[in-house]
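Chemist: Each chain, letter by letter, is given below.
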Amino acid sequence: MVHSTGFFSALQQIRQLPLDVRTVTLGINIADCTDRSFHKLCDGIYQRIVDKAGRMNAVCSEVASMTGVPVLQRRLCVTPIDRVAQGFNASDFVNIAKTLDGAAANVHADRIGGFAADVQHGMTQSARQLIASLPEALVQTERVRAAVHVGSTENGVNMEAVSLAADALLKSAVASSHRNGDAAAKLAILANDSTGHPHLTGACLGDGWGDLVVHVGVGATAIIRHALEERLLENPNSKLDELASVIQTAVFQATRTAELVGREIAEKLGAEFGSIDVTLAPTHRPGDSVVDLLPLLGIERVGAPGTATALTLILSAIRAGSAFASCSAGAYSRIMLSVLEDTSLAAATQSGTLTFDQLCMAANAGASGLDLICLPGDTELSTLASIIADQVSFAVLNRRPAAVRLIIVPGKQAGDLVSYSGMKGSAVILPVRGAGLSERFIQRGGRLPPIR
Amino acid sequence: MAKRYIMTVLAANRTGILAALANALDELGGNIRDVSQAVIHKFFAVIMAADFPEDQDPEVIVDHIRAVCRPFGAEVTLRDPSEEMGFDGETEPTPKERYVLTLSGPDRPGVLRFLAHRLALDGIDLVDLQGRQQESTQTFLAAMELSVPPGTDALHLCEELRQEFQSDGITVTMQHRRIIAALAHPEPVGFNTAVP
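Chains A and B, in that order, are what the protein sequence lines are. Mapping to this note's numbering: the first sequence position 422 is 422, numbers consecutive. Mapping to this note's numbering: the second sequence position 24 is 24, numbers consecutive.
Chain A on its own, in the form it takes in the complex (with noise of 0.2 angstroms):
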């Protein structure tokens, strides 16, 4: 049958794609809030984030609506607190904290990041507290996330502050052992984070922002594996490179759909539009877990030999997708092997195939760091410490931003399953091989020098 049209058979290519924006950040300055009355400061604070962020929410409902991609997550961040909140003691921080808690339920935002310290060369007095206050501060807040920067590949890496971050991170799961532990889940310890990574765990404003800044992340595993599929059917036998091209089509795909909703938002809302991230982080929802890529390329089970190289494989495809896609995007893409918020990782560590030692491995290619893993509650400082000193200086070797973020289990042994009501999660405790075998290493302290 003739048809009259090109337009008609344009529409016919028009497939209902699953595309979503996963997280909305807001950032918001708050450097000019510093000021020497405690009580100013935390008004200060609060009334500039209910200012600025306030109509976020119905924004991006609003925004979702009209352009029929569902936003997921509504993030702020703020300029780190360790330099807006000097001269405070420790119990001072765990209010700031509260304050930022309170000030992001108030606009409805499911998380605030900027409760952060940076220590990579040495220590001010304000972020020695802030880490003392994080046990209390994480206990206490909901909605806060913390961080503590401590190495990059220009200054090399702080050894005190990651004993330091390391006894932060045990003492907050003590301190929430009622709840398994928890608390330990939203503190990351960062490494090469210098300009303040957007996208990272517990992200603040970075340098080299404005005022108010919108930057958005994509869920891209979704669309990926629907690409995927749709190929392997028409050609079962792809070559790599081929399955290469349909990762990097529907990540601009994903991209380009991120971009036009992130600046709608931020013309709406009065910012400037910041950055894309397109990170393969799973969701809830089945399947939408990089680990269910890996099958389609080949790799039968994650942690098999080849997953490293399907990962760097995902990883450049993303890359180049998104770079093509958007000037605003590409710089931050990674794969997050998030076990306890990605049922397909956790099912995998549940039943044996995937080792901590794997995940370790993983995190050296493509996979930046390692993400919500959980720890027995017998994990002494120096093996945890340990743990995160590897993943940083890998970070700091390859040159690429890392985030470390571990839960110790209070009063629980490798292979027990724990849950989590909050990150409506649950994963089995790993084994750590080795632990006890670093003491000295890190009692020495110091510093790990730059790398030349």
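Please keep in mind that the hints were generated in silico from the structure rather than gathered at the bench. Keep in mind that a hint or two might mislead.
[Said to hold, decoys possible] Each pair of labels, with its calculated beta carbon distance range:
(1) A/Val50 <-> B/Arg177: 34 to 44 angstroms
(2) A/Pro295 <-> B/Pro109: 37 to 47 angstroms
(3) B/Ile47 <-> A/Pro70: 35 to 45 angstroms
(4) B/Gln166 <-> A/Thr34: 55 to 65 angstroms
(5) A/Leu232 <-> B/Arg14: 38 to 48 angstroms
(6) A/Leu232 <-> B/Thr139: 17 to 27 angstroms
(7) B/Glu187 <-> A/Gly422: 54 to 64 angstroms
(8) A/Asp51 <-> B/Thr137: 54 to 64 angstroms
(9) B/Glu159 <-> A/Gly208: 46 to 56 angstroms
(10) B/Ala19 <-> A/Leu232: 46 to 56 angstroms
(11) A/Asp43 <-> B/Leu155: 45 to 55 angstroms
[To be verified] Covered by chain B, according to a simulated footprint, are these stretches of chain A (three or more residues, beta-carbon under 8 angstroms):
(12) 64 to 77
(13) 252 to 258
Where a beta carbon is used, it is the ideal one built from N, C-alpha and C, also for glycine.
Please arrange chain B on chain A, whose structure you already have, making use of the hints.
Modeler: Using the frame of chain A, we list chain B on its own:
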């Protein structure tokens, strides 16, 4: 001064029909302002807005086009827009969002009827519609462009239609025009560049 008319022509689709029509318009001093043409099942149809000299009698216009296009058996209708009342588009100058809605699946009776009623309920204007039955598979594919008043929840509407047609095995997709443009062309998006 020129006077604008809206005209439709339906004729057998044979080579030369558009040439004959253009010839007739030329001889009448007409000027096409907006035109859309389709060919379905060997029939040619065109709807256009055209300006004619003010003193041109509408009956003369119709008779002349009919005469010139006689070999094609053309049916011509001519309407004067100034005599029509209550146009949606012109009485409501509010900007509207454009979406493309597609339906595909087994050919079931009543699908379009339900859809059109549902869209009318929200004041949604169907500005373009194309559809065809694939005889080999007995499936139907329809694509339409919607002009949606501001404030309508597209996510919700799409989900509602999906639920409605799910039992018939009909797939519904709905995308904003700007998203389609963003996915189809690698030009910069979101910089307030106007997408028609």
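Chemist: None of the hints should be skipped; say for each whether it holds.
Modeler: Cross-check of the supplied hints:
| no. | hint | verdict |
| --- | --- | --- |
| 1 | A/Val50 <-> B/Arg177: 34 to 44 angstroms | holds (35 angstroms) |
| 2 | A/Pro295 <-> B/Pro109: 37 to 47 angstroms | holds (42 angstroms) |
| 3 | B/Ile47 <-> A/Pro70: 35 to 45 angstroms | holds (38 angstroms) |
| 4 | B/Gln166 <-> A/Thr34: 55 to 65 angstroms | holds (56 angstroms) |
| 5 | A/Leu232 <-> B/Arg14: 38 to 48 angstroms | holds (47 angstroms) |
| 6 | A/Leu232 <-> B/Thr139: 17 to 27 angstroms | holds (24 angstroms) |
| 7 | B/Glu187 <-> A/Gly422: 54 to 64 angstroms | violated (43 angstroms) |
| 8 | A/Asp51 <-> B/Thr137: 54 to 64 angstroms | holds (58 angstroms) |
| 9 | B/Glu159 <-> A/Gly208: 46 to 56 angstroms | violated (41 angstroms) |
| 10 | B/Ala19 <-> A/Leu232: 46 to 56 angstroms | holds (50 angstroms) |
| 11 | A/Asp43 <-> B/Leu155: 45 to 55 angstroms | violated (38 angstroms) |
| 12 | 64 to 77 | holds (count 7) |
| 13 | 252 to 258 | holds (count 4) |
In summary, the numbered hints that this structure violates are 7, 9, 11.
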